[in-house]
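S.K.: If you want the building blocks of each chain, they are given just below.
Protein chains: 2
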Amino acid sequence: MPGPARIVRTAAAMQRLAKEWQAKKLGVGFVPTMGYLHAGHVSLMQRARKAVGAKGLVVVSIYVNPTQFAPTEDLSKYPRDFARDKKMCADAGVDVIFAPTDKEMYPEGFSTYVIEEKLSRSMEGASRPTHFRGVTTVVAKLFNMVLPTVAIFGAKDFQQAAIVKQMVRDLNFPLRIIVAPIWREADGLAMSSRNKYLSPAQRSQAGVLWLALEQAKTAVAKRAVPAAQLTKMTSWLISTQSETRLDYVEFFDPETLAPEKLVRRGTQMALAVFFGKTRLIDNAKL
Amino acid sequence: MPGPARIVRTAAAMQRLAKEWQAKKLGVGFVPTMGYLHAGHVSLMQRARKAVGAKGLVVVSIYVNPTQFAPTEDLSKYPRDFARDKKMCADAGVDVIFAPTDKEMYPEGFSTYVIEEKLSRSMEGASRPTHFRGVTTVVAKLFNMVLPTVAIFGAKDFQQAAIVKQMVRDLNFPLRIIVAPIWREADGLAMSSRNKYLSPAQRSQAGVLWLALEQAKTAVAKRAVPAAQLTKMTSWLISTQSETRLDYVEFFDPETLAPEKLVRRGTQMALAVFFGKTRLIDNAKL
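Chains as they are written, first to last, in numbering that gives the first Met the number 0: chain A, 0 to 285; chain B, 0 to 285.
Hints in this document: simulated from the structure, not taken from any laboratory.
Watch out, some of these pointers could steer you wrong.
Identical copies look the same in the list; a pair holds intra-copy or inter-copy alike.
With a Cα cut of at most 20 angstroms, we get these calculated SDA-like pairs of lysine to any residue [as the list claims (entries may be wrong)]: (1) Lys-102 with Pro-173; (2) Lys-24 with Gln-14; (3) Lys-164 with Gly-108; (4) Lys-117 with Met-104; (5) Lys-164 with Ser-110; (6) Lys-24 with Pro-173; (7) Lys-54 with Ala-22; (8) Lys-117 with Pro-106; (9) Lys-164 with Met-104; (10) Lys-24 with Ala-200; (11) Lys-164 with Ala-11; (12) Lys-260 with Tyr-35; (13) Lys-86 with Glu-72; (14) Lys-76 with Arg-193; (15) Lys-23 with Pro-173; (16) Lys-18 with Arg-175; (17) Lys-164 with Glu-107; (18) Lys-117 with Gly-133; (19) Lys-117 with Glu-107; (20) Lys-164 with Ala-10; (21) Lys-164 with Phe-109; (22) Lys-18 with Pro-173; (23) Lys-117 with Thr-129; (24) Lys-284 with Ala-50.
None of the values given here were measured: they were computed from a predicted structure.
Using the sequences and the hints given, assemble the complete structure.
M.R.: Structure, rendered in structure tokens:
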């Protein structure tokens, strides 16, 4: 049984630790999270361990980042359970939990941001205009604090992973990004800390996101289909569930995120659906 | 006599080299420049050597960064002389010249920028609106490429140094910034690659920037003076020279860059003056 993960609270202590490992030419594998961990996160930790080997350092950050929430969003009620997170990290063989305070992350007078101006315009960026600026800023900060050789992001946040890869390339962060597959519940619902918000009625309907992806996959399996037609099919399927409101559905190139008018196998599909105030996202390569 | 500096052209090769030094727990001292080096740059190289010691790695980057020039500015005619720069670096005991290509720095599809939103509004930021976004972006890139333990900036670009320090703090770059003193010609003119643009008549008048700083220093040596009064004195002094046009003069707190209405000893003064199309800057703590 692995021991409990070491808890680190400051950037300076985290940098010292990471530099020790790098000086020994050992890998540092990093999984950034907002806590309230689930099996999807555990799969990312396992991927990090695989990437850095038994002697490498696996670091999980737990930080609910205020700059990626709009004032109207769920920052204050975002679920937290540090005791449970600690146990899950220990069970997964994580070496370090990096859990900085807000004051450590955004001290008085903070005024520097990282922005991405192309991939961040559509989808989540259109629905949540300040979201990705918060993401790129906190990820850049965490990279400089944790100094990873490899960082693991989940494919559920597909656009986020694409933007982080773009940032790493553009700003030359000396690390590798791995995007790990979505982890799903039995009915196909992608695992997310926000699933906790769903009422039992909403939860019973939430598998419809996955059904929408499967429906589109089937539709394009043998022939290309206009995006407009798939959008209609998706809207209709989502609307069969009483608790839903479709926010967006998009069909796009998985590298450039450019929308595709004619959808084929290999096109990426993403959608966001409201269940009351809870907004869930999912995506798949068709 | 030190040997010639090694020339490195790619981010990957530069990162490998820096990581070797860091693994040996040796310092990497970094001086970012746009080339066309002068004695001011040499003083920064010497400061870098002092910071990292004889076994440390001193890296000078030579890159005329397009993103910090506005379309109307002097990018295409910015002076360049790589052969001379190489010799000056060799004479100064520099280990590595990092001279990346535009394609290496800004590949097709580049879309990520670092922005600073508080210190960058006034002075150079007001006169050159996109300038500092280009500076913070290229400096962040260079930091991730060169992986320095210490980076040296010249005090002539006072606001730039303040913004870089803010960026390092906010984004947690694992390095130390040293701001080294301005190097001056015999008549007080701050050394700058742009001094080359001056006609003989303009050059003979360019000492007036330094005179303006000295005049203000004298004025506040014994009592506080309203900024408005010092601004008038400065404007008048600059206007005594036929080739000049004052762009701005500011009196401000050296840490926050907040303007000060009553100027005392310790207040920072900065000014920018056009000589024809050539724009020179200078500053001093009064």
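S.K.: Now tell me if each hint is right for this structure.
M.R.: Hint check:
1. Within a single copy, Lys-102 and Pro-173 get their C-alpha atoms only as close as 27 angstroms, which misses the 20 angstroms cut-off; across copies the closest is 18 angstroms, which meets it.
2. In the homo-oligomer, the alpha carbons of Lys-24 and Gln-14 lie at most 20 angstroms apart both inside one protomer (15 angstroms) and across protomers (14 angstroms), since each shortest distance falls under that limit.
3. In this assembly of identical chains, Lys-164 and Gly-108 lie within 20 angstroms of each other by CA distance solely across copies; the values are 13 angstroms between and 28 angstroms within a copy.
4. In the homo-oligomer, the alpha carbons of Lys-117 and Met-104 lie at most 20 angstroms apart only across protomers (18 angstroms), although the nearest pairing inside one protomer, at 26 angstroms, exceeds that limit.
5. With identical chains, the CA atoms of Lys-164 and Ser-110 are at most 20 angstroms apart between copies only, with a shortest distance of 11 angstroms across copies and 23 angstroms within one.
6. Taking the shortest alpha-carbon separations for Lys-24 and Pro-173, both the intra-copy value of 14 angstroms and the inter-copy value of 18 angstroms come in at or below 20 angstroms.
7. Taking identical chains as interchangeable, the C-alpha atoms of Lys-54 and Ala-22 lie at most 20 angstroms apart whether they share a chain (13 angstroms) or sit on different chains (17 angstroms).
8. Taking the shortest alpha-carbon separations for Lys-117 and Pro-106, only the inter-copy value of 14 angstroms comes in at or below 20 angstroms, while the best intra-copy value is 29 angstroms.
9. With identical chains, the CA atoms of Lys-164 and Met-104 are at most 20 angstroms apart between copies only, with a shortest distance of 16 angstroms across copies and 22 angstroms within one.
10. In this homomeric assembly, Lys-24 and Ala-200 never come within 20 angstroms of each other (Cα to Cα): the closest approach is 51 angstroms inside a single copy and 58 angstroms across copies.
11. Taking CA atoms no more than 20 angstroms apart as the test, Lys-164 paired with Ala-11 passes between copies only; the shortest distance there is 16 angstroms, against 25 angstroms inside one copy.
12. In this assembly of identical chains, the alpha carbons of Lys-260 and Tyr-35 never lie at most 20 angstroms apart, being 38 angstroms within a copy and 51 angstroms across copies at closest.
13. Taking the shortest Cα distances, Lys-86 and Glu-72 never come within 20 angstroms of each other, neither inside one copy (28 angstroms) nor across copies (58 angstroms).
14. For a Cα distance limit of 20 angstroms, the shortest separation of Lys-76 from Arg-193 inside one copy, 10 angstroms, qualifies, whereas the shortest one across copies, 55 angstroms, does not.
15. Taking CA atoms no more than 20 angstroms apart as the test, Lys-23 paired with Pro-173 passes in both settings, with 17 angstroms inside one copy and 18 angstroms between copies.
16. For the homomeric pair Lys-18 and Arg-175, the shortest alpha-carbon distances inside one copy (17 angstroms) and between copies (15 angstroms) are both at most 20 angstroms.
17. Taking identical chains as interchangeable, the C-alpha atoms of Lys-164 and Glu-107 lie at most 20 angstroms apart only when they sit on different chains, with a minimum of 15 angstroms there against 29 angstroms within one chain.
18. With identical chains, the CA atoms of Lys-117 and Gly-133 are at most 20 angstroms apart both within one copy (15 angstroms) and between copies (17 angstroms).
19. Proximity of Lys-117 and Glu-107 under a CA criterion of 20 angstroms is satisfied inter-copy only: 12 angstroms between copies versus 30 angstroms inside one chain copy.
20. In this assembly of identical chains, Lys-164 and Ala-10 lie within 20 angstroms of each other by CA distance solely across copies; the values are 16 angstroms between and 23 angstroms within a copy.
21. Taking the closest pair of Cα atoms, Lys-164 and Phe-109 come within 20 angstroms of each other only across two copies (12 angstroms); inside a single copy the shortest separation is 25 angstroms, beyond that limit.
22. For the identical chains of this complex, Lys-18 and Pro-173 are neighbours both inside a copy (13 angstroms) and across copies (10 angstroms), given an alpha-carbon limit of 20 angstroms.
23. For the identical chains of this complex, Lys-117 and Thr-129 are neighbours both inside a copy (14 angstroms) and across copies (18 angstroms), given an alpha-carbon limit of 20 angstroms.
24. Proximity of Lys-284 and Ala-50 under a CA criterion of 20 angstroms is satisfied in neither setting, with 24 angstroms inside one chain copy and 51 angstroms between copies.
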